[in-house]
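Novice: Below are the chains, spelled out letter by letter.
2 protein chains.
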Amino acid sequence: MTESDLPVAQLTPGRWGDPSHSVKLPAAALDALKHLGVRRPPHEPTAPADRPGITSEQVAVLTDVVGAKHVTTDLDSRWAHTRGYSTPDLLRHRAGDTSDMPDAVVYPASHDEVLALLTACARHHLAVVPYSGGTSVVGGLAPDRRFITLDLRRLDQLLDLDEVSRTATLQAGVRGPAAEALLAARGYTLGHFPQSYEGASIGGYAAARSSGQSSAGYGRFDQMVVGLTLATPRGTIELGRAPMSAAGPDLRQLVLGSEGAFGIITSVVVRIRPRPTERHFEGWRFENFETGLTAIRRLAQDGPLPTVLRLSDEAETAVNLADPDVLGGGSGGVLAIIGFDGPYNQATADVLTKAGGQNLGEGPGELWRVGRYRAPYLRDPLLDEGALVETLETAAFWSRIPALKAAVTEALVGALSAQGTPPLVLCHVSHVYETGASLYFTVISAQTDDPIGQWRQAKMAASEAIASAGGTISHHHGVGTDHRSAYADEIGPLAVEALQAVKHTLDPDGVMNPGILLTSR
Amino acid sequence: MTESDLPVAQLTPGRWGDPSHSVKLPAAALDALKHLGVRRPPHEPTAPADRPGITSEQVAVLTDVVGAKHVTTDLDSRWAHTRGYSTPDLLRHRAGDTSDMPDAVVYPASHDEVLALLTACARHHLAVVPYSGGTSVVGGLAPDRRFITLDLRRLDQLLDLDEVSRTATLQAGVRGPAAEALLAARGYTLGHFPQSYEGASIGGYAAARSSGQSSAGYGRFDQMVVGLTLATPRGTIELGRAPMSAAGPDLRQLVLGSEGAFGIITSVVVRIRPRPTERHFEGWRFENFETGLTAIRRLAQDGPLPTVLRLSDEAETAVNLADPDVLGGGSGGVLAIIGFDGPYNQATADVLTKAGGQNLGEGPGELWRVGRYRAPYLRDPLLDEGALVETLETAAFWSRIPALKAAVTEALVGALSAQGTPPLVLCHVSHVYETGASLYFTVISAQTDDPIGQWRQAKMAASEAIASAGGTISHHHGVGTDHRSAYADEIGPLAVEALQAVKHTLDPDGVMNPGILLTSR
Chain A
-9 MTESDLPVAQ LTPGRWGDPS HSVKLPAAAL DALKHLGVRR PPHEPTAPAD RPGITSEQVA
51 VLTDVVGAKH VTTDLDSRWA HTRGYSTPDL LRHRAGDTSD MPDAVVYPAS HDEVLALLTA
111 CARHHLAVVP YSGGTSVVGG LAPDRRFITL DLRRLDQLLD LDEVSRTATL QAGVRGPAAE
171 ALLAARGYTL GHFPQSYEGA SIGGYAAARS SGQSSAGYGR FDQMVVGLTL ATPRGTIELG
231 RAPMSAAGPD LRQLVLGSEG AFGIITSVVV RIRPRPTERH FEGWRFENFE TGLTAIRRLA
291 QDGPLPTVLR LSDEAETAVN LADPDVLGGG SGGVLAIIGF DGPYNQATAD VLTKAGGQNL
351 GEGPGELWRV GRYRAPYLRD PLLDEGALVE TLETAAFWSR IPALKAAVTE ALVGALSAQG
411 TPPLVLCHVS HVYETGASLY FTVISAQTDD PIGQWRQAKM AASEAIASAG GTISHHHGVG
471 TDHRSAYADE IGPLAVEALQ AVKHTLDPDG VMNPGILLTS R
Chain B
-9 MTESDLPVAQ LTPGRWGDPS HSVKLPAAAL DALKHLGVRR PPHEPTAPAD RPGITSEQVA
51 VLTDVVGAKH VTTDLDSRWA HTRGYSTPDL LRHRAGDTSD MPDAVVYPAS HDEVLALLTA
111 CARHHLAVVP YSGGTSVVGG LAPDRRFITL DLRRLDQLLD LDEVSRTATL QAGVRGPAAE
171 ALLAARGYTL GHFPQSYEGA SIGGYAAARS SGQSSAGYGR FDQMVVGLTL ATPRGTIELG
231 RAPMSAAGPD LRQLVLGSEG AFGIITSVVV RIRPRPTERH FEGWRFENFE TGLTAIRRLA
291 QDGPLPTVLR LSDEAETAVN LADPDVLGGG SGGVLAIIGF DGPYNQATAD VLTKAGGQNL
351 GEGPGELWRV GRYRAPYLRD PLLDEGALVE TLETAAFWSR IPALKAAVTE ALVGALSAQG
411 TPPLVLCHVS HVYETGASLY FTVISAQTDD PIGQWRQAKM AASEAIASAG GTISHHHGVG
471 TDHRSAYADE IGPLAVEALQ AVKHTLDPDG VMNPGILLTS R
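Protein sequences, first through last, are from chains A and B. Under the working numbering, the residue at position 310 of the first sequence is numbered 300, and the numbers go up by one with no gaps. Under the working numbering, the residue at position 466 of the second sequence is numbered 456, and the numbers go up by one with no gaps.
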């Protein structure tokens, strides 16, 4: 089974992924949670109560463009489009909190309909949130005022496939597995497999600069995009006449990562590659994280890189390596996973051996491959049990990575211990570049009585540590509302003003994703 | 002799490169020119006449920042900073045309001095042209009003070298050979060798998105930059906390290619690599351009790529392959050059063989290597003889390359033949990507009585052909003033407005390179 065989997940609001894939925590895990002081919370989830929505005049503005059939205002539909999948999102969902619920959901079917909707919404001062996979974990679907949601699922076509140039034009609403299936039918792959793969969509990949598990071989999504079409309240922008150009700034890179604040990306032209005919995954053991880090840096800088390259730290290895029934423990050392789309490359293995790695064979590699989309499913039962579990990530240049990792870990341990809930902090590197790498943290502790406030404090401490240690506030999750302030600090007030000027040009009425990426003016 | 041994060229105004490297045309070349109807022009170059410059009050504004020693207003200094090196630039220079001459040349020594100068110039409404290597071939040094030039040659330091991250922080005024020498002393290379290498500088590489002859192995300059510092009239922007980030749009890519219109890039953090211990260059013959194109596309898409990869068409091959004394002729077929920094890779050669290539050995490779910076020197004696010679370039996706090449060639032949000067049009591919490639054209014809107007017509026809055939108006020369209109058409009016908004934010008084990249408001 490969990625193109995976079904598009039937996402349910408030719990990750396809309900048929939901998992139960093993008994040993429940035991381990007790050691963290985790206790099952007393309250059951609360159902959302409806609230007054959009006026019938406003609905008419929308139905004029897409027809009555493609505008929904019922509670179920609106609730299903409320927020994304951060832990605070899930907790608010469990509390039945409708504060971020859209007033209506609109389903345009084409670029022209999106364009007409944005024009109409600007004229009527209706704030708009584009909704592609809905998998934001940074508050990217929660604007600072009442809004309607544009769900792009009907923009689900492969518009063009150029076999000579090896490019495909995909509409924004094509979900991960659907994109792979469309390309697989022609013998190609996109090679983009983020952990949100089952739910996320092409438009979201582009708007939020997604990076997938095969990034060492295929690059990030923003490196795959060679062209794009953006619908804004003031018209269309089409970019990308050539792979690269010296004709001014690369405006594709201004739209990528703009998170709906400038407009809606309705399609992208992406680089594609022939589907691999074989794949190999294997595990490697290093004495400690430092040794493993040097080894994967060697590959990132001198090659040859595999397609997948990741390195867990001691704590994450202890959890990963464990028998499914034993959380914690393990054999010591740290685990790296390498994967190849195509033939196994012995030269890659030789570099790891020379750097002190011990080949553990295909067993751990296959375990990782099979479970690679499973981690987000674990969060819901963990929350059910009263654990606080969340992830955060950053990236930096290689020389800063060790201190950055230590600073973030210390910040998380400090902030959560101070609240009486000392955490387990796990970390891995899953994206490497010649000059640096990402760090991905998983945090588990007991919940306090106010888990949202509890996490806010931990996250704030971690964000400050990231800034002080010279990391970026996000390597692949994006800015949304959660990182807006840290993002502004990262690029500085003048760069923020420049972005605001771009937004004001393309969206003078400020209806596009207000408060996301940038503070509303 | 490698690139780091090449001296920084002592550029002289109006003629390319170091005068000690100037070349004489061989007799056979002169013969060949006669077949194009080339006749030596009757007039000798005219010396420039001085014209009223800057007021003493304005000079005081500048000397207040950098000291009197670092502001020059004499004719020689100003004339030496007049325009770049396009053929129209050289022709205007020969005519003694001072219309684009700066009123003063200022030599700041640091980022802070640049910043202070920009603030002062904005306050006093003095237009500013940043001058790094001065090698623009697209009118990038000719704003639409009187101006002063900021020559960055004193920003010539390697500020930092991070061996773990493999990054170097270089100031904008470091010239190509100087950058290589600074890095070579530490065992590293940047690997950026554009044809302007002897004269061009780090700041210009960044501001105009340069691409070098080793781009298949090292990438373009905009791919090497991981951080940068921009001085604007409103303050400093510092970008690049990590190699890649999902924290909003990639603003580095908004500054790269901005050609001084937003501010002045004072330093960049670039990826560096260990110096290669061996290098190999060799020639390959293909039956025709089409076969060769398929072969190099194979390498670009499936690898393994060499460091240098270029393919001449039949016409360029006929000139290239010729004995130095025989322009024209040759053995038929087309010539490709491949080069490796590091060991020779047989797998690359195997791909070329399988695609119908015939290995010509190191001879043609070494000929190319030795002569790689020589072509621009040929232009001056050709102009002396009365030939019109100029280059232009574009890029597109692979599937469009053949039609684009045909359309541009036809446009150039048509426009120049209509003026009674049928040209020789040569073409090569020198930059490849998975999804597309560049095309570089060299045009030679007899001059008419108005060679600037003659070329304007040819260039306009070529630019229209590029747009119609789906190419970008520049792959690595930039926009400047020459491509401003075509560039606006390429990105569309809304994108132009967005860029104008960025410019207005960072440069509200419109003093930065006015009329370059964007029309002045």
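A portion of the hints provided could be inaccurate.
As the list makes no split between identical chains, a pair holds if one copy fits it or if it spans any two.
Cross-link-like lysine to aspartate or glutamate pairs, in silico, DMTMM-like; alpha carbons within 25 Å at most [to be verified]:
#1 Lys14 / Asp150
#2 Lys344 / Asp152
#3 Lys59 / Asp340
#4 Lys344 / Glu34
#5 Lys59 / Glu487
#6 Lys59 / Asp292
#7 Lys14 / Asp292
#8 Lys344 / Asp8
#9 Lys14 / Asp54
#10 Lys344 / Asp292
#11 Lys59 / Glu400
#12 Lys24 / Asp152
#13 Lys24 / Asp439
#14 Lys344 / Glu153
#15 Lys24 / Asp134
#16 Lys59 / Asp152
#17 Lys344 / Glu228
#18 Lys24 / Glu280
No lab work stands behind these hints, which were simulated from the structure alone.
Novice: Are the hints correct? Go through all of them and say.
Specialist: Each hint tested on the structure:
Taking the shortest alpha-carbon separations for Lys14 and Asp150, neither the intra-copy value of 42 Å nor the inter-copy value of 52 Å comes in at or below 25 Å. Taking the closest pair of Cα atoms, Lys344 and Asp152 come within 25 Å of each other only across two copies (23 Å); inside a single copy the shortest separation is 42 Å, beyond that limit. Proximity of Lys59 and Asp340 under a CA criterion of 25 Å is satisfied in neither setting, with 60 Å inside one chain copy and 59 Å between copies. Taking the closest pair of Cα atoms, Lys344 and Glu34 never come within 25 Å of each other, the shortest separation being 54 Å inside a single copy and 67 Å across copies.
In this assembly of identical chains, the alpha carbons of Lys59 and Glu487 never lie at most 25 Å apart, being 40 Å within a copy and 36 Å across copies at closest. In the homo-oligomer, the alpha carbons of Lys59 and Asp292 never lie at most 25 Å apart, since the shortest distance is 56 Å inside one protomer and 47 Å across protomers. In this assembly of identical chains, Lys14 and Asp292 lie within 25 Å of each other by CA distance neither inside one copy nor across copies; the values are 42 Å within and 43 Å between. Taking identical chains as interchangeable, the C-alpha atoms of Lys344 and Asp8 are never at most 25 Å apart, the minima being 42 Å within one chain and 48 Å between chains.
In this homomeric assembly, Lys14 and Asp54 never come within 25 Å of each other (Cα to Cα): the closest approach is 46 Å inside a single copy and 73 Å across copies. Taking identical chains as interchangeable, the C-alpha atoms of Lys344 and Asp292 lie at most 25 Å apart only when both belong to the same chain, with a minimum of 13 Å there against 28 Å between chains. Neither within a single protomer nor between protomers do Lys59 and Glu400 lie at most 25 Å apart by alpha-carbon distance, with minima of 53 Å and 53 Å respectively. In this assembly of identical chains, Lys24 and Asp152 lie within 25 Å of each other by CA distance neither inside one copy nor across copies; the values are 56 Å within and 45 Å between.
Proximity of Lys24 to Asp439 under the C-alpha cut-off of 25 Å is restricted to the intra-copy arrangement: shortest distance 17 Å within a copy versus 91 Å between copies. When the C-alpha separation of Lys344 and Glu153 is checked against a cutoff of 25 Å, the pair qualifies only between copies, where the shortest distance is 20 Å, while the shortest distance within a copy is 40 Å. For the identical chains of this complex, Lys24 and Asp134 are neighbours neither inside a copy (38 Å) nor across copies (73 Å), given an alpha-carbon limit of 25 Å. Taking the shortest alpha-carbon separations for Lys59 and Asp152, neither the intra-copy value of 35 Å nor the inter-copy value of 59 Å comes in at or below 25 Å.
Taking the shortest alpha-carbon separations for Lys344 and Glu228, neither the intra-copy value of 48 Å nor the inter-copy value of 38 Å comes in at or below 25 Å. Taking identical chains as interchangeable, the C-alpha atoms of Lys24 and Glu280 are never at most 25 Å apart, the minima being 31 Å within one chain and 69 Å between chains.
The structure is inconsistent with the numbered hints 1, 3, 4, 5, 6, 7, 8, 9, 11, 12, 15, 16, 17, 18, although it conforms to all the rest.
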